[in-house]
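S.K.: Each chain, written out:
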Amino acid sequence: MCLGIPGEILEAHAGPGGLRYGTVRFGGASREVCLEYVPEAGIGDYVIVHVGLALSKISPEDAEETFRYLEEMQELADLGDEMQALERSEVP
Amino acid sequence: MKYLDEYRNGTSAQHYAETLRAVVTRPWTLMEVCGGQTHSIIRYGIDEMLPPGVTLVHGPGCPVCVTPVGILDRAFRIARRPGVVFTSFGDMLRVPGTSDDLLHVRAEGGDVRVVYSPLDAVAIAEREPEREVVFFAVGFETTAPANAMAVKLAASKRLTNFSLLVAQVRVPPALEAILSEPECRVQAFLAAGHVCTVMGTAEYEPLVDRYHVPVVVTGFEPLDLLQGVAMAVRQLEEGRSQVEIQYSRVVRPEGNAVARRAIEEVFEVTDRTWRGLGPIARSGLGLNERYAAFDAERRFPDATPDSLEDPDCQAGLVLQGRLRPQECPAFGSRCTPEHPLGAPMVSSEGACAAYWLYRRRRAAAVA
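Line by line, the protein sequences give chains L and R. Using our numbering, you'd call the opening residue of the first sequence number 1 and step up by one each time. Using our numbering, you'd call the opening residue of the second sequence number 1 and step up by one each time.
Simulated from the structure, these hints should not be mistaken for lab results. Just so you know, even glycine gets a beta-carbon here, dropped at the ideal spot from N, CA and C. Heads up, a few of these hints could be off.
Have a look at the derived ranges for each label pair, beta carbon to beta carbon [as the list claims (entries may be wrong)]:
{"id": "1", "chain 1": "L", "residue 1": "P39", "chain 2": "R", "residue 2": "A155", "range": "16 to 22 Å"}
{"id": "2", "chain 1": "L", "residue 1": "G44", "chain 2": "R", "residue 2": "A202", "range": "27 to 33 Å"}
{"id": "3", "chain 1": "L", "residue 1": "L19", "chain 2": "R", "residue 2": "H15", "range": "53 to 59 Å"}
A short, non-exhaustive set of chain R residues, derived as facing chain L with CB atoms under 7 Å [stated by the list, open to error]:
{"id": "4", "residue": "I71"}
{"id": "5", "residue": "L207"}
{"id": "6", "residue": "V269"}
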């Protein structure tokens, strides 16, 4: 819940309620993410996403390292649930 | 079990470990606050790389673990109501209340759905206007911005069938509660990085001033933790107590002002009871009067008195760093992930689950 997943913003658009949304790529999966809290982040930037909302920007190198760390933890720990929920999640 | 030397940057890990050994002159006890940090420490054996006398105790930073039994039982009662869609993070499904969990409620016909984001729950409410959609808003300051946004979105769409069952908690008052215990052994904190991404560091200054404890805002990867320990120990050895940021690649001292404004718009600070720790003043958030229409506790009034925790469960001591999971008499016998007595055994951020996953396996391999 607190870990957050880093990903790259592929594009941005107006989403539900006129909020700023974007498609964010996490490794192989991508998902709609609310970008309202990171007005400074644009296409090609990397952000850390917490339960569907980006909360901070991060450098591409740091994002890459963190993602690898999370993948490594996934085989036994919690990220599995989060990524599964993320992939299952039907709603933008 | 993987060790840090198998992990990337094994050299840097050695470097931090050596720096620490050079600095330490006496024993110190540090608490890592966040459950994600605890899992990293136990999995990579970071506690075992530290110089003798430098001890890490595990903190209360597991949102699932501290959600009180009373609110869980209330959640189960709401989820059993006909016409209700009860939505939750997957982490909450196996957390035991008095005599139930959400999986059980679902098996008995309750419409319990796992969502990744509270915004997904708002979308369900929009799509199924004939159903009452409730989202279980648990978590620390990392989930509060998402929950605030969900309420704002539901309000802007004029949804009348969406509400939050709020069990939102704040980290600093819990740290103060731990420090004010007479038996407190904690001399420094590794604060939770992502909480400070939102809140910044200002809330920790009064703690540092009052209790003279170093607070180092730390990430959750192995190298972050080693560096955080080194920074905290250096402060202790030099007789300093300050707020420092190890996790500077993500955390700014001012936090995320936009997210914080949204929290302040939707929530107000309230007293909350923490599972295992008891009531702590001003330690939570609740919906403010303007957004009270989205409060599930108002929408589904429930006068049932809150029940008590399982007396066999020592989670309170574990969450305060006063008992290690494997020191609990129920650990691995009467309490397992399949039959948990308390939440720290089932949560992916729980200390008991970390020891069960990583240390039990190694003990078995050695034997």
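S.K.: Compare the structure with each hint and give your call.
M.R.: The hints, checked one at a time:
no., hint, verdict
1, L/P39 / R/A155: 16 to 22 Å, "holds (21 Å)"
2, L/G44 / R/A202: 27 to 33 Å, "holds (32 Å)"
3, L/L19 / R/H15: 53 to 59 Å, "violated (44 Å)"
4, I71, "violated (16 Å)"
5, L207, "violated (19 Å)"
6, V269, "violated (20 Å)"
Checked against the numbered hints listed earlier, the structure breaks hints 3, 4, 5, 6; every other hint is satisfied.
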